[in-house]
Amino acid sequence: MSSRRTFLKITVGAFSLLLGLGGAAKILPRKALLRPPGGQDEAAFISRCLRCDRCRSVCPTSVIGLANLSDSILDARTPVMKFHLGYCNFCNKCVEVCPTQALKPFDSKTVKIGLATVQKDTCIAWDSRGCMVCMNECPYQAITLDGQGHPVVDSHKCNGCGLCEKVCPALVMRSYIGGNVRGIVVTPISRRGEGNV
Amino acid sequence: MTTMAVVAITIMIGAVRSTGTGSLSAFGVDNISAICPLGYLETLLASREFIPHLLISFLVIAGLTTLLGRVFCGWICPVPLVRKVLINKVDEGQKTFTNSTTNDDSAQPILEDGEAAKASCSQENSSTEKNSSSGLVILGVTLGSSAIFGFPVFCLICPIGLVFATLFALLRLLHFNEPSFDLIIFPVMIIVELVLLKKWCSKLCPVGALLSIFSRFNRTLVPTVDRSRCLEEGHDTKCQRCRSACSFDVDLKNGKGTGGISDCTKCRECADNCPVQAIRFPWR
Numbered sequence: 032m033s034s035r036r037t038f039l040k041i042t043v044g045a046f047s048l049l050l051g052l053g054g055a056a057k058i059l060p061r062k063a064l065l066r067p068p069g070g071q072d073e074a075a076f077i078s079r080c081l082r083c084d085r086c087r088s089v090c091p092t093s094v095i096g097l098a099n100l101s102d103s104i105l106d107a108r109t110p111v112m113k114f115h116l117g118y119c120n121f122c123n124k125c126v127e128v129c130p131t132q133a134l135k136p137f138d139s140k141t142v143k144i145g146l147a148t149v150q151k152d153t154c155i156a157w158d159s160r161g162c163m164v165c166m167n168e169c170p171y172q173a174i175t176l177d178g179q180g181h182p183v184v185d186s187h188k189c190n191g192c193g194l195c196e197k198v199c200p201a202l203v204m205r206s207y208i209g210g211n212v213r214g215i216v217v218t219p220i221s222r223r224g225e226g227n228v
Numbered sequence: 009m010t011t012m013a014v015v016a017i018t019i020m021i022g023a024v025r026s027t028g029t030g031s032l033s034a035f036g037v038d039n040i041s042a043i044c045p046l047g048y049l050e051t052l053l054a055s056r057e058f059i060p061h062l063l064i065s066f067l068v069i070a071g072l073t074t075l076l077g078r079v080f081c082g083w084i085c086p087v088p089l090v091r092k093v094l095i096n097k098v099d100e101g102q103k104t105f106t107n108s109t110t111n112d113d114s115a116q117p118i119l120e121d122g123e124a125a126k127a128s129c130s131q132e133n134s135s136t137e138k139n140s141s142s143g144l145v146i147l148g149v150t151l152g153s154s155a156i157f158g159f160p161v162f163c164l165i166c167p168i169g170l171v172f173a174t175l176f177a178l179l180r181l182l183h184f185n186e187p188s189f190d191l192i193i194f195p196v197m198i199i200v201e202l203v204l205l206k207k208w209c210s211k212l213c214p215v216g217a218l219l220s221i222f223s224r225f226n227r228t229l230v231p232t233v234d235r236s237r238c239l240e241e242g243h244d245t246k247c248q249r250c251r252s253a254c255s256f257d258v259d260l261k262n263g264k265g266t267g268g269i270s271d272c273t274k275c276r277e278c279a280d281n282c283p284v285q286a287i288r289f290p291w292r
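Residue numbers (our numbering), protein chains in the order written: chain B, 32 to 228; chain H, 9 to 292.
The shape of chain H in the complex, shown without the other chains:
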């Protein structure tokens, strides 16, 4: 979470100081830039023109993701931060309540409004459906739509882009006194996306789905469970807090979750939520 804030603040400082650093869609100095891998594929299909030096950037990101796993999702992407700051406030209160009464019930997400039916549906059969499959479909639709319409369609609603768009719109307002409805509409779009689609990150995000293709064989920087300490192993209780804290439903102990260990975004939520500190990451 702190790294996300640092990244977002760095980008904003870059934007304020007119250094041309860009945003997460493309971040860089001079003519070297780390381009959003999904954006690269979208523009490639939309413009039907191959740009060699972008392929290098794409491959570097692919390689890093294979090597380090989905650290982008856990450390860099601002969406989990926005979710935590804006959206989870209400849920968290209820969650801790369920946590304290029954340990294993907390695996059920707290649902609201019309999406409840849909989401509970996916929850039921979470054991059969892997995280990545629906994301891959959306990835396919994303790429298909940019090929059909000739412009990157998903970029218009990408929450990562919209977070920075909101910040840039704010910057324009403060710097050039340029008010616009965007400053209201962009945050509303983010909130609608994240509130209605609670499983955005694990099930729907096409950027995450693309990264999950590369991270498939990743086994580094993953958390390990100290089974002698774990409540479930030694003390015969049904503690599932690590699994329920994980937004990707990775079951560290039995591997029964919808998320595999390659989905781990190294966000440390499991370790932070373990009541007996049985979960350790290689670096801490």
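Only chain B is shown next, with the shape it has when bound in the complex:
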């Protein structure tokens, strides 16, 4: 009899633990994260990602980092783009090594990791003019300067490669506190707003 009781205990314990965990992970608020290219369909991505570390480890520019528990329980250990460390050259290696196709093959012409957004309070050009680093570096000519010399991002040309964020000299030249403050930051595109942000 007590054998059956143990059995029942284990079953109920496992059941409540995994259901509780699954429910909690789903309910707790999550903020949108920047996924490697091909992982922009968040629901499809999270259902497949095994947190195996292959994409992070293979990335030649080391732009792929890991999300933490502080992002959310569900996102911990999943790959996220850290553009202060590198940028994406769409080499496709992460997609190739992903065993479960959490990162799907993408069309390099239409894929958008995110959208570069000028941070008015940290951007050097907004504060004192003259800085054109991001405009000069952008491989897709997506950044132009407006009449006041402030950088403006063309949301159609920008694919979120993150080179502008990587090269932005705001931290070095303005000595902000914190290692990854930039004057231009790639922000996630919500699925609904895609194309017209």
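The set of hints was computed from the structure by calculation and includes no laboratory data. Just so it is clear, CB atoms sit at the ideal spot from N, CA and C, and this is done for glycine as well. Wrong hints could be hidden among the right ones.
Some chain H residues well away from chain B (every beta-carbon gap over 12 angstroms; in silico) [unchecked claim]:
(1) Glu50
(2) Thr74
(3) Arg180
(4) Val233
(5) Arg235
(6) Lys264
(7) Lys274
(8) Pro283
Below, computed lysine-lysine pairings styled on BS3-like, alpha-carbon distance capped at 27 angstroms [as the list claims (entries may be wrong)]:
(9) Lys138(H) x Lys40(B)
(10) Lys274(H) x Lys261(H)
(11) Lys40(B) x Lys261(H)
Chain B is fixed; fit chain H onto it per the hints.
Okay, now just chain H, sitting in the frame of chain B:
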């Protein structure tokens, strides 16, 4: 144990050198990878999409497990290594003490805290309950939960994944100066799981339960007892050290343990603990 360390170190070298080898969740080169069979089933159910080349990897692992038995648990999985290094230290001292006084008492695990009642309960009727049954239930719950929630739920708490997550978090800290609470929380989760659930490997682990389905008919690489040497057979003493050393409670001599010979993970604990070297494995 040494092979586990070698595997873990190989994975870490791969991670440091940016070769994309991955971890035990999926280990491979380029687009060929050996994927965790449980992870495969979980993502299959969560995404409801069938990926043919993963089935091949799954079948290869299934075939290898049938052929060689649960060598993954004994040679590759880092959990027994972590248990040995971090958790068993306290227990071992007490175990050797009981071993030296009475031989057969050592079969009783040393229990602590609130789990004592639960665990002793399972110990009592260990002769009726087979190892695999509770594991299979957890396997079922694991697969069910990923189907319900649409993501691999068990992966979040899988100790195998957490061991590597801890190592990767450490790597991020050293390489990119990226400190995070994960580095504290992941090891705590592993320790909680392994301390509270002492029978994790034999009774609870769904990865092991999945492998035990394939290893059911495995009869290779199993240890044999030289009955002329064995203390219990020839010398009329009640030596049960091989059985008590076995984390799967395999009784090599009488088959009375909760674990069958197909549960053998080829870890050599029985042979190493036999006082008269009566247990031999085919390769050594």
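Hints and how they fare:
no., hint, in the structure
1, Glu50, "violated, 8 angstroms"
2, Thr74, "holds, 22 angstroms"
3, Arg180, "violated, 6 angstroms"
4, Val233, "holds, 28 angstroms"
5, Arg235, "holds, 31 angstroms"
6, Lys264, "holds, 15 angstroms"
7, Lys274, "holds, 25 angstroms"
8, Pro283, "holds, 32 angstroms"
9, Lys138(H) x Lys40(B), "holds, 16 angstroms"
10, Lys274(H) x Lys261(H), "holds, 16 angstroms"
11, Lys40(B) x Lys261(H), "violated, 31 angstroms"
Checked against the numbered hints above, the structure breaks hints 1, 3, 11 and satisfies the rest.
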